[in-house]
Amino acid sequence: GAGVSQSPSNKVTEKGKDVELRCDPISGHTALYWYRQRLGQGLEFLIYFQGNSAPDKSGLPSDRFSAERTGESVSTLTIQRTQQEDSAVYLCASSPGQGGTQYFGPGTRLLVL
Amino acid sequence: EDQVTQSPEALRLQEGESSSLNCSYTVSGLRGLFWYRQDPGKGPEFLFTLYSAGEEKEKERLKATLTKKESFLHITAPKPEDSATYLCAVQDNSNYQLIWGAGTKLIIKP
Chain G
119 GAGVSQSPSN KVTEKGKDVE LRCDPISGHT ALYWYRQRLG QGLEFLIYFQ GNSAPDKSGL
179 PSDRFSAERT GESVSTLTIQ RTQQEDSAVY LCASSPGQGG TQYFGPGTRL LVL
Chain B
550 EDQVTQSPEA LRLQEGESSS LNCSYTVSGL RGLFWYRQDP GKGPEFLFTL YSAGEEKEKE
610 RLKATLTKKE SFLHITAPKP EDSATYLCAV QDNSNYQLIW GAGTKLIIKP
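As they're listed, the protein sequences go chains G and B.
Heads up: the first sequence runs through residues 119 to 231, numbered per the working numbering.
Heads up: the second sequence runs through residues 550 to 659, numbered per the working numbering.
Isolated chain G, as found in the complex:
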């Protein structure tokens, strides 16, 4: 079956622009996670969705970051007024329910010039 997909695979933007990153989880997975991974670093948790609700937004680094999920499926991570420090790989994962094994997408590589 289809795995987690993310788009775009690469995004280059100018400082100050807004960007939207998309995640399509595995069908039927109710939990969805966003992570950030800077070059050579570990995974940094951003936000978690259970269904369409986000019970934990504590990992979002600033109010420039927001995320939503609709139809218990697709999720969008939006970064407003991008800064150079936002350059990283943004990874999305999904799992069948709260907790348990997370399956990752290929990531979106964001470069802010």
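Don't read these hints as lab results, they were simulated from the structure.
Be aware that one or more of the hints could be misleading.
SDA-like cross-link-like pairs, simulated, lysine to any residue; straight-line CA separation at most 25 angstroms [said to hold, decoys possible]: (1) LYS591/B with THR194/G; (2) LYS654/B with TYR221/G; (3) LYS608/B with PRO173/G; (4) LYS135/G with PRO179/G; (5) LYS618/B with GLY218/G; (6) LYS591/B with VAL230/G; (7) LYS133/G with GLY590/B; (8) LYS591/B with ARG140/G; (9) LYS591/B with VAL192/G; (10) LYS654/B with ALA120/G; (11) LYS654/B with GLY146/G; (12) LYS618/B with PHE183/G; (13) LYS608/B with PRO224/G; (14) LYS628/B with GLU566/B; (15) LYS175/G with GLU566/B; (16) LYS654/B with LYS135/G; (17) LYS591/B with GLU138/G; (18) LYS654/B with LEU229/G; (19) LYS612/B with PRO179/G; (20) LYS606/B with GLY215/G; (21) LYS606/B with TYR221/G; (22) LYS608/B with ILE656/B; (23) LYS175/G with ILE656/B; (24) LYS591/B with GLU550/B; (25) LYS628/B with THR194/G; (26) LYS654/B with PRO224/G; (27) LYS606/B with PRO179/G; (28) LYS618/B with ASP142/G; (29) LYS591/B with GLN155/G; (30) LYS133/G with PHE183/G; (31) LYS658/B with LEU157/G; (32) LYS618/B with LYS135/G.
Over the 12 angstroms line for every Cβ pair with chain G, so calculated as not near, a few chain B residues [what the hints assert, rightly or not]: (33) GLN563; (34) GLU566; (35) SER569; (36) GLY592; (37) HIS623; (38) ASP631; (39) SER632; (40) ASN642.
No residue lacks a Cβ here, since even glycine has one placed at the ideal position from N, Cα and C.
Since chain G is already given, all that's left is putting chain B on it; use the hints.
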């Protein structure tokens, strides 16, 4: 506070030279310990989940073991295609979040 430490940070082996990667953890109550493999430019790929001390799981040249304080990922007779970063993560009973280690970068030279 939950914590995961992986060692070594990097490991270079000759093809066929067996070794082990370590994942030490501190958690109030372990729900599960996860091993992933990450190739450059790709998302982490799930390898194993371990739930209780004494549990072992195998896949090809990899075997994961678990004690109450640490997990080992044993690699037997590795091949160059086993080169990757191996990530460990733990989940405790009270939290859905995974706490991640920084990873071990494994390089297998032909």
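Pairwise hint evaluation, PRO179/G against LYS612/B, where the allowed Cα distance is 25 angstroms at most: Violated: LYS612/B and PRO179/G sit about 36 angstroms apart, past 25 angstroms.
Verdict on HIS623/B as a residue remote from chain G, using beta-carbon distances over 12 angstroms: 21 angstroms, holds
Non-interface claim for GLN563/B, where every Cβ of chain G lies beyond 12 angstroms: At roughly 25 angstroms from the nearest Cβ of chain G, GLN563/B sits farther out than 12 angstroms, so the non-interface label holds.
Pair hint LYS628/B and THR194/G, alpha-carbon separation not exceeding 25 angstroms: Not OK: LYS628/B and THR194/G at ~39 angstroms, beyond 25 angstroms, violated.
Pair hint outcome, LYS591/B versus ARG140/G [Cα-Cα no greater than 25 angstroms]: 16 angstroms, holds
Straight-line alpha-carbon gap LYS618/B to PHE183/G, limit 25 angstroms: 36 angstroms, violated
Satisfaction of hint between GLU566/B and LYS175/G, Cα-Cα up to 25 angstroms: Violated, at roughly 44 angstroms.
Distance restraint between LYS135/G and PRO179/G, which requires alpha-carbon spacing of 25 angstroms or less: 17 angstroms, holds
Verdict on GLU566/B as a residue remote from chain G, using beta-carbon distances over 12 angstroms: Nearest chain G Cβ is 25 angstroms from GLU566/B, so the label holds.
Least C-beta distance from SER569/B to chain G larger than 12 angstroms: 20 angstroms, holds
Proposed proximity, VAL192/G with LYS591/B (alpha carbon, max 25 angstroms): The hint holds at about 20 angstroms.
Pair hint outcome, LYS133/G versus PHE183/G [Cα-Cα no greater than 25 angstroms]: 15 angstroms, holds
Hint check: violations occur at hints 3, 10, 11, 12, 15, 16, 19, 23, 24, 25, 27, 28, 32, 36, 40; the rest are consistent with the structure.
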